[in-house]
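Undergrad: Work out the full structure, taking the sequences as your base and the hints as a guide.
One-letter residues, chain by chain:
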Amino acid sequence: MSMKSLIIITDERRVGGMLMAARTLSEQVIAVVVGSPSLAETVATWGFERVLNLEPASGIPAEAYAALLAEVTADIKPRLILASDMPSSRVLLAAVAAKQNAAIIGAVRAITVCGDTIITSRSMADDKVLEDIKTAGVIAGIFIGDDLEKPQTQAVAIEHIEQKNAAHIKLKGIIEPEGNAGLLTAARVVSVGSGIKAKNDIKLIEELAQAAQAEIGCTLPICDDVRWLPTHRVVGSTHNQIAPELYIAIGISGQPQHLAGVRDAKIVVAINNDPEARILKNCNYGIVGDLYKIVPALTAAFKNLV
Amino acid sequence: MKVITVFKWLRNPQDALVKADGSIEWPGVKMSANDDDPAVMEIAAALASGDEIIALTIGDGDLAWAAARGATRTTVITDALTEVNSSVTGAILAAAVKHLGDAEVIIIGDSSWDYGVVSAFIGQLGRPALAGVTAAQLQEGCIQVTRKLGSVSQVLEVNTPLVLAAMATQSEKNEPSMKQVLTARKKPMEKLTLEELGFSSPFTTVSSLKTRFPDTPPAVLIKGDDPVCACEELMAALHTEGVL
Ligand SMILES: Cc1cc2nc3c(=O)[nH]c(=O)nc-3n(C[C@H](O)[C@H](O)[C@H](O)COP(=O)(O)OP(=O)(O)OC[C@H]3O[C@@H](n4cnc5c(N)ncnc54)[C@H](O)[C@@H]3O)c2cc1C
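For the record, the sequence lines run as chains A and B. For reference, each letter of the first sequence is one residue, going 0 to 305 in numbering that gives the first Met the number 0. For reference, each letter of the second sequence is one residue, going 0 to 243 in numbering that gives the first Met the number 0.
Among the clues, some could well be false.
[To be verified] If you want a taste of the chain B side facing chain A, the calculated C-beta under 7 Å gives, among others:
(1) L9
(2) Q13
(3) S86
(4) E174
(5) S176
(6) K222
(7) M234
The hints are simulated quantities; they were obtained by calculation from the structure and are not laboratory data. Even glycine gets a Cβ: it sits at the ideal position worked out from N, Cα and C.
TA: Right, dumping it as structure tokens:
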């Protein structure tokens, strides 16, 4: 069986991580970019052996080409197909995997090769454990593993796929979040949860954010239940997924929906007075204590930095 | 518009019992509805506009869950279990949809509990599909769908046949009343086995070797009794990590 890998790309999310995972078994890793030529050009400098580009017609989303993509990639016969967990990538993966009769595995963190055996490790039981899975045939994985910095490589030529036969899906409008997009690109984020007791106390968080030159984030209840901060500040699976260098979670229990929003953060710090809080098992550093005492001290410590 | 909804197709990962050696067990844990299943039923109600909503589920657990939330009738594949290979679960659900006859719209929860099943189901049905869907409504003979892509939402116009993977953005706001739950138990219920469905897995074997703890280092915990000392210790660590 061929040991080619096919990576389906609709945005830059986890491109490097997927390439590295595929590299463990394939000398030929092929990227198929369903998106703009400029995205394809960026992907062409990542180090793939081949880059294919299907550019959607104006106002038509990537998913409209799922059947076409399955058709045009049929001959590649990859052993491994990977896509990120972005909704559009998952729909494209669905069509390609069905065509290749692949076994689909969600939440893939790593791929290892042991002799002739390919082992896919996926996240299980709410990220508490990894499950190693052995597969005989074609594997289609939804990749949530670590990403990589982009290497500097020579660009490969882009092969264009002619777009036709789009399903009837048309873009009618885009609803941008009403607030500033600073949270999405911030290097530091200070985030607050229901451990904070009064609206006025948000001031403590603002002071820390200012001293640490950080953006402010929050959990869903701080927005939906008490409305102390607006929707565009909510971090989590259903709101903003962010990748700051430093994420400081204050009075946040660390439910899966929240943690999914900071999976790509480099360092997570938690401040929580409950030693059993879930977040204290899912962070890099945790201070076990009362946020009303720790936050002012931390603000002072950041002020001392400059 | 006839709508088929899928609910309760997995066990809640939070219910897994993780043992000291990293192995996991599911003592007495039944299949349960996920966070996104209520959103499935809401979208189904908006699109069906009074027509039939057929709910589909597998395995054990509360079979009347969808009926209490507006499903006209329910079909359960009783002996379908959670599979290592998500393609098998997806294919079983897709076979059951075909058994139920043509529906214009088919909706499943876009659950991060296992995105693999969602993709497998979509792929096996082979119809146009959208994931991350937060709302849908009928508009001038078309369906208008709102879906989240990163932090922006897109409004899309689509035709049937269609598969939607629905995503909830908050917990369920209108849980059914006791009366609705009791009425739901009297609604029609069809029980099928995989054999009756004529299902045999077309997939090569996928087997779980083991589960284990990830090799990420455990969190460094600092006592906060003396806030100033604790913060100094933290700042020194962050400095070493290169994030200051
Ligand atoms: C469909 C759906 C989607 C969701 N999407 C999201 C999402 O995108 N983002 C999100 O955040 N949530 C989301 N949620 C909600 C999520 O499930 C949790 O309810 C939420 O994240 C919990 O918020 P919290 O940590 O602020 O509150 P809690 O869970 O109440 O935690 C508060 C924490 O503060 C600590 N604490 C209390 N007092 C102090 C003190 N004085 N000092 C220090 N610590 C203290 C407590 O020990 C506790 O750990 C979603 C839920 C559903 C059902």
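Undergrad: Work down the list of hints and note, for each, if the structure agrees.
TA: Hints and how they fare:
Interface hint at B:L9: violated, since its Cβ lies 10 Å from the closest Cβ of chain A, which is beyond the 7 Å cut-off. With 7 Å as the threshold, the beta carbon of B:Q13 comes within range of chain A, its nearest partner Cβ sitting at about 5 Å, so the hint holds. Hint status for B:S86: holds, given a least beta-carbon distance of 5 Å to chain A, under 7 Å. Proximity of B:E174 to chain A is violated relative to the hint, the smallest CB-CB distance being about 16 Å (cut-off 7 Å).
This hint is violated: B:S176 has a C-beta 22 Å from the nearest C-beta of chain A, more than the 7 Å allowed. Restraint check, B:K222 versus chain A: the minimum CB separation of about 6 Å is within 7 Å; hint holds. Look at B:M234: its Cβ gets to within about 5 Å of chain A, closer than 7 Å, so that hint holds up.
Of the numbered hints listed earlier, those contradicted by the structure are 1, 4, 5.
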